[in-house]
Amino acid sequence: MGPSALLREIRFSLSHLTVEPIGFLVFFGWSFANTFQSPYIYRKICQVYYAADSSVNCSFLVDGNVEDSVQMRNAEWSIFIVLSFLIPVIFADIIIGSFGDRHGRKLPLLIAIVGVGISEYGYLLTLSSISTPFWTILIFGFFAGLTGYISIIPMTCYAYLADVTEEPHLLTLRAGIYSAIQTTASGLGGFLAAAFASVLTVSIAIDVELVLLLLSCFYVLYRIPQKPGLREIERKTRKVAPIVSKTVTRSNNNNEEKKKAVGKSGFDYIAEWTKRAVELLVEGVKVLVQPREGHRRSFILISMAALVVCYTTAIETRTSGIIYSFVFRRTDDGSLAWSLRNLGLWQGFGYLMWLAGDSDALMYIANAAGLFSGLALPAVAGFLIQIVPMSEIGRVFSLFAIGADLSCLLATVIYSNIYRATVSWSASFVWFLMSGVQFIAVLAILWVHVLSRRQGMGASRVQPITSVRHAISRIGEESHANDLEMMKERERKEKSKIVRSIASVAERMESANSPSLWESSEDLRRVDRNISFY
2 MGPSALLREI
12 RFSLSHLTVE
22 PIGFLVFFGW
32 SFANTFQSPY
42 IYRKICQVYY
52 AADSSVNCSF
62 LVDGNVEDSV
72 QMRNAEWSIF
82 IVLSFLIPVI
92 FADIIIGSFG
102 DRHGRKLPLL
112 IAIVGVGISE
122 YGYLLTLSSI
132 STPFWTILIF
142 GFFAGLTGYI
152 SIIPMTCYAY
162 LADVTEEPHL
172 LTLRAGIYSA
182 IQTTASGLGG
192 FLAAAFASVL
202 TVSIAIDVEL
212 VLLLLSCFYV
222 LYRIPQKPGL
232 REIERKTRKV
242 APIVSKTVTR
252 SNNNNEEKKK
262 AVGKSGFDYI
272 AEWTKRAVEL
282 LVEGVKVLVQ
292 PREGHRRSFI
302 LISMAALVVC
312 YTTAIETRTS
322 GIIYSFVFRR
332 TDDGSLAWSL
342 RNLGLWQGFG
352 YLMWLAGDSD
362 ALMYIANAAG
372 LFSGLALPAV
382 AGFLIQIVPM
392 SEIGRVFSLF
402 AIGADLSCLL
412 ATVIYSNIYR
422 ATVSWSASFV
432 WFLMSGVQFI
442 AVLAILWVHV
452 LSRRQGMGAS
462 RVQPITSVRH
472 AISRIGEESH
482 ANDLEMMKER
492 ERKEKSKIVR
502 SIASVAERME
512 SANSPSLWES
522 SEDLRRVDRN
532 ISFY
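Residue numbers (our numbering): 2 to 535.
Hints may be right or wrong, so weigh each one.
[Said to hold, decoys possible] Distance ranges between label pairs, derived from CB positions:
{"no.": "1", "residue 1": "Ile415", "residue 2": "Phe61", "range": "24 to 32 angstroms"}
{"no.": "2", "residue 1": "Ser129", "residue 2": "Ala272", "range": "38 to 46 angstroms"}
{"no.": "3", "residue 1": "Trp448", "residue 2": "Ser129", "range": "46 to 54 angstroms"}
{"no.": "4", "residue 1": "Glu273", "residue 2": "Ser60", "range": "50 to 58 angstroms"}
{"no.": "5", "residue 1": "Arg224", "residue 2": "Asn58", "range": "45 to 53 angstroms"}
[What the hints assert, rightly or not] List time: in silico DSS-like cross-link candidates among lysine-lysine, alpha-carbon distance up to 27 angstroms:
{"no.": "6", "residue 1": "Lys276", "residue 2": "Lys287"}
{"no.": "7", "residue 1": "Lys276", "residue 2": "Lys45"}
{"no.": "8", "residue 1": "Lys107", "residue 2": "Lys287"}
Simulated from the structure, these hints should not be mistaken for laboratory data. C-beta atoms are modelled at their ideal positions from N, C-alpha and C, and glycine is treated no differently.
Let's have the full structure, built from the sequences with the hints guiding it.
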């Protein structure tokens, strides 16, 4: 693809935005409110333990021993907050991802946005004049975790783009545009918070975020269809045939279900919902553990691990208790002693902190290195659709959402404890440790790149530009294709699928005598085994 063709694709993608405004509204509001919340949370924790001590001014700490104690308490509460939503969110992400694969992305997006609103409302009650006990944040965090929380939103958006985008390179482009819009929104949120730091209070900032979340809900209701994408309809069409028989059977089943539903009690509905949730959970887990051809399962695992490392460094360390404890320190020599305005400007300029400095200039330089970290997820999105079938793409992205949540746990449990242990002699040690972990992740991704190229992955199918534009123009619209049209489309692609299947069999036979530690299973290449060519 030449530069002019790439520019045409970018212009056309920008003119047919779908989930991109969702990412902008959600992350702009979240970054804006989160910047206001951070100093208030730090001060609130100090007040919890030193409110009765008249010699301690929690707005301006001057005693080094008291500050060390407050920072340790801050690290402890960060762990509690993360665990409160992480435990339910692991199961919720898998269930929501599987549900989205079957029934569409609208409802998962709405549920996740509402979950963010629940969490922020808990902070509003605690940090405003109402001043509820600090532990109430944990209760709101738990219920927010049941909805998938904020990490499932970008993953669901990427899954939606994968539903409606056929070519891997085009998906990478569209995912990159989404990532750029989301990153820009987060940066603008930080800048705006810095601009209004002396004008607005934290309660007003959270109110602004809640309004933006409400607008994003209205946008999802208006723009995103609940029906699954064309590939999911095609998958269902392949599984049940002929069409007439399926329609009659479905009609009879619906009549029987209506008759059975008459005598159902509330307990029966709860039991049925629980059974359904367990089925979706099992489906999501199978995506990660099922045998796949060659090294594809290891590719998924390594991509997930690398994304967790990148997400931990780029996002959670920027907005977690570690970075707040570091920048708010004021009693040590060379401490930054930042205010809300400094934090907002810094969050607006950069995302990734590889190394730490004892001056503002070094902090900004360190963060400039992370401006391209947002490209990791779009690249992984384009890579994944070459590994797994489209019917599983939502479940795979839900696993990445779980990885993002686990990165929260890494940032708070592991890195927070390291920060607590080293803060007295080197507050910046934890950042050097993170850079080393990031380097290991880079080496793992290089291994995946080399091996995937050897196995012939990454070659895109040549397709007329008109069909690509036609596919993009239909993004976000209700699908009017019926089953008969999908069957015709299926027949048209049958020849190319047979050719790809033969090539896949040849590839498996070629590497039959070269087992590896990272292979999915030893008997995967047996001809008598009925497996997917994915």
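Comparing the hints with the structure gives:
no., hint, in the structure
1, Ile415 to Phe61: 24 to 32 angstroms, "holds, 31 angstroms"
2, Ser129 to Ala272: 38 to 46 angstroms, "holds, 41 angstroms"
3, Trp448 to Ser129: 46 to 54 angstroms, "holds, 50 angstroms"
4, Glu273 to Ser60: 50 to 58 angstroms, "holds, 54 angstroms"
5, Arg224 to Asn58: 45 to 53 angstroms, "holds, 49 angstroms"
6, Lys276 to Lys287, "holds, 17 angstroms"
7, Lys276 to Lys45, "violated, 42 angstroms"
8, Lys107 to Lys287, "holds, 24 angstroms"
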